[in-house]
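Using the hints provided, position chain C relative to the given structure of chain E.
Residue numbers (the numbering used here), protein chains in the order written: chain E, 1 to 647; chain C, 648 to 926.
Rather than coming from a laboratory, the hints here were simulated on the basis of the structure. Keep in mind that a hint or two might mislead.
To be verified - If you want a taste of the chain C side facing chain E, the calculated C-beta under 10 Å gives, among others:
#  : residue
1  : SER813
2  : HIS815
3  : ILE816
4  : ARG820
5  : GLY823
6  : ALA824
7  : SER825
8  : ARG832
9  : HIS833
10 : PRO836
11 : GLU837
12 : PHE839
Keep in mind the model is a prediction, meaning the values are calculated, not measured. For every residue, glycine included, the Cβ atom is placed at its ideal position computed from N, Cα and C.
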Amino acid sequence: MVNITINELSVTYRVNDHMLLALDQVGLNLLPGRITALVGESGSGKTTLGKTLMGLLPEYAKVEGSVKLNDLEIVGASESGLNGIRWSRVAMLFQNGAANLNPVHRIIDQVAEPLIHHNVAKKAESMARAQKALESMGLNPSLGRRFPHELSGGEIQRSLLAMALIMDPDVLILDEPTAALDAMTKAFVSRIILGARDNGKSILLITHDLDLAKNIADDLIVLYLGQVMETLPAKDLFHNPLHPYTLALGRSFPSMETHRDLGGIRGDAFFRVLHNHPKSNGSVLLHSHVVGASQYHETTHPPPKGCLFQPRCTQAVADCTEKDVFLMEVENHQVRCLRGGIATEFHLEKVAKKYGNVTALAPTSLSLRAGEIFCLVGETGSGKTTLGMIAAGCLKPDQGRRIFEGRDMDRWIKEDYLSLAGKIGLVHQHPAQAVSHRFSVFDIVEEPLRIKKQGLNKEEIQKRVIDALKDVHLSTEPEFINRYPHELNMGALQRVCIARALVSKPSMLVADEPTSSLDPSVQAKVLKMLLNLQIEKGLTMLFITHDLGLARKIGDRVGVMLKGRLMEAGPTAQVMGQPGHPYTRLLIAGARGEIETTSFERESSQSQGCPFTSRCDRSQKCCFLSFPKPICRDNGGHNVWCHFPLI
Amino acid sequence: MHLNARKKLATDPWFITGVALVLIITILIIAGPRLAVHDPHDMSFQPLDHPSSQHRLGVNDGGMDILAELLFGIRNTVAFGLVTGITGMVIGVIIGLVCAWFGGLTDNFLMRLSDILMAVPSIMILILTAAFFRPSPASLGLILAAMAWPGTAKAIRAQAMVIKNSLHIQAARQMGASGSYIITRHMMPELFPLYLIGFASKARMAMFMEASLSFLGLFDPSRKSLGMMINYALKYYYLDIWWNWLMPPILCLTLLIMAVTFLAVSLEKVFDPRLKEVW
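So here's chain E without its partners, still in its complex pose (with noise of 0.2 Å):
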């Protein structure tokens, strides 16, 4: 049994007069029978941190801080005592595959060198272990005799690993084990990570592939510039991330399991260097810089501070820039942020709303964490476009509390309702009408400025105008931005209106049914707009939706309203795939053209029940009598308010 603990482990490579720092302060540990997987972008320092258990790293690497295997001490031992660990208890699966091998030497003769170099046993058995080890790969067993070059990319990597496993070792470092593999192969090789974990090894996994992250792996360890963002249980990856890095990676990833449009993160960084600034006092200031594609490095600036995550973050406030950030623990996640993770942007609790007699919203509460998309669906006269105007902020509800950015909404509202109006967008259903027809483009778009006094001149008014427009892929010629409304057709007048919504920077934007009016194409237009813009901005969205086909696009979470309650909310693909409310399978049957299976009730019953009873086929005598409390699947994600919930 071996555990190896890494603390406060920097890793420092000299490039020329400057340095890159590959890792910082990294502190981990890896446990017998355990996965635990790292995951980030390229550069993030994965594989410096893979290279430094095996003490690997080139001689201009300078490494701090301490790697335990056991009581034994890596960092800085010697290459002899590096070498009676390397690979008898410590083996490692490089990335790149063929590279690794030396093409003049035949397959099986690499595999059984570990063996025959630490004299474990004699060459004739080397050779038959070797072989053994080939072929519990699944390997032909001629292919032993092959040289690197005649094997494909599935067959070499499995060799890789046979040479790796060889020796049995305690702990294994896989580096990009899957990464040129087909599903099939994928599959075959994690079945025999899983073996060897089984098996009591250690193992770190080192990939980008977060499929395979969550499904195999224990834990999870998000790496960026070296820095370790999240710690957190594996099967939390898509569900439940709370630092927004984290967020951002899995919605970059084409996993099998979400239905979302790829996202991506804004911004880039490749490397942060590390170098010496001579201050005017004497002295000298050693400091790291974030290197990307459109930074460059310059001489005289101001050293970095705060969240090194901060100038790609979506929920980055004025603190991100200043403060130091620690690790911290939030529910059972590590989190590096200063905001305790994911926000929450905007949270409604129990609110209900009523026109006469008529409950519009029975009491609902509904939270949103910033940078995500919540879709709101369900039938006419749901209540959607009520909830979304209380979350607007233009309607009131008759009780309940409104909580955006942490602040009570009602009392912001009688405080200073300018304020607030600018840090919430609304697009309506109808452009024509959402404008006035004797406004120009510019004029409409200079609304909400004009409305706000920001004390802006007339040329920032322009700028702002202009930018809002170009963010909506609209003309800026003077051309454009005179014309009327009615010389517009709906998706450019709908683009109008949401850089409209957008031209007083808002942190949320609620847009009901934005694209209802608008032809297949545009509307598709509208939405990948929309979506860039949130991953851009890192916009808070309420997309209020009767189409589920949009929904599931476009939706993080999605929400599903019948007669002003909500039936089940939880993470799109989840709601989509497996729901767990009978209604929520109805709305996907009728959205498919089941029509069949579909029923339509035309009377309101206003009882104390479910409203959905007269048309399920679950219901029984509770079910009219009382509004079941939420059931929870999936950690709390997923709430189903269903007495007899599907599964």
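Below, chain C alone, put in the same frame as chain E:
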């Protein structure tokens, strides 16, 4: 629709005629004192003199030059029409907006008041006021305006209530727009056609009313006016004066009212939202 308005107006015969008439009248008003040659109050000419090169339209029974009287009479009539038209329109717009904006009790009260005013014949009130109090023409115009606003107010109120609930105003509210911003930026421009129509109808009515009152002799006799000229001319209708004394004021009055009516009709056709073509 607001952009096509100009093009549409330019080809509308009603509008062209109206504008032409207004132009002629404006010239007559501005150049009046110059064209008149004589002082309209100068009574030193031969009474009932026939038209001559000295007196283009002859001389009336009091020895005054008819052309001079006519030119000054037009000025007075138009001034009365403008004062009443503008005041009536402003009162109507304000009351209409107030009713639409506040609704409730205010709206109810003002609308019942307008119903009452519409039911009472304003000519009666004007005759009585003029007879008993002998107010100046300007105050009489204001009194007329104070009774003439209900039509405009009702039209403005109805339209403003529609606009008030429209989506673009809801959007502006969500952006945090104040009441004054919404009224000045969104509602007032939207109601613009109604101002023109309200003004035109009030001015037309006022000019006719002024002529009627002066015809009845309810104004200061020394004040030149078209109505009074008709009144005096009628006394001598047995003489052969109809074409040089009776007809000019009647023709002028008709043209004045026609000018305003033509303009009002053409503007109404173009601007009234109920008549507007769907774009």
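Going through the hints against the structure:
no. : hint   : result
1   : SER813 : holds, 6 Å
2   : HIS815 : holds, 5 Å
3   : ILE816 : holds, 8 Å
4   : ARG820 : holds, 6 Å
5   : GLY823 : holds, 3 Å
6   : ALA824 : holds, 5 Å
7   : SER825 : holds, 8 Å
8   : ARG832 : holds, 8 Å
9   : HIS833 : holds, 6 Å
10  : PRO836 : holds, 5 Å
11  : GLU837 : holds, 7 Å
12  : PHE839 : holds, 9 Å
Every hint, counting from the list given before, is met by this structure.
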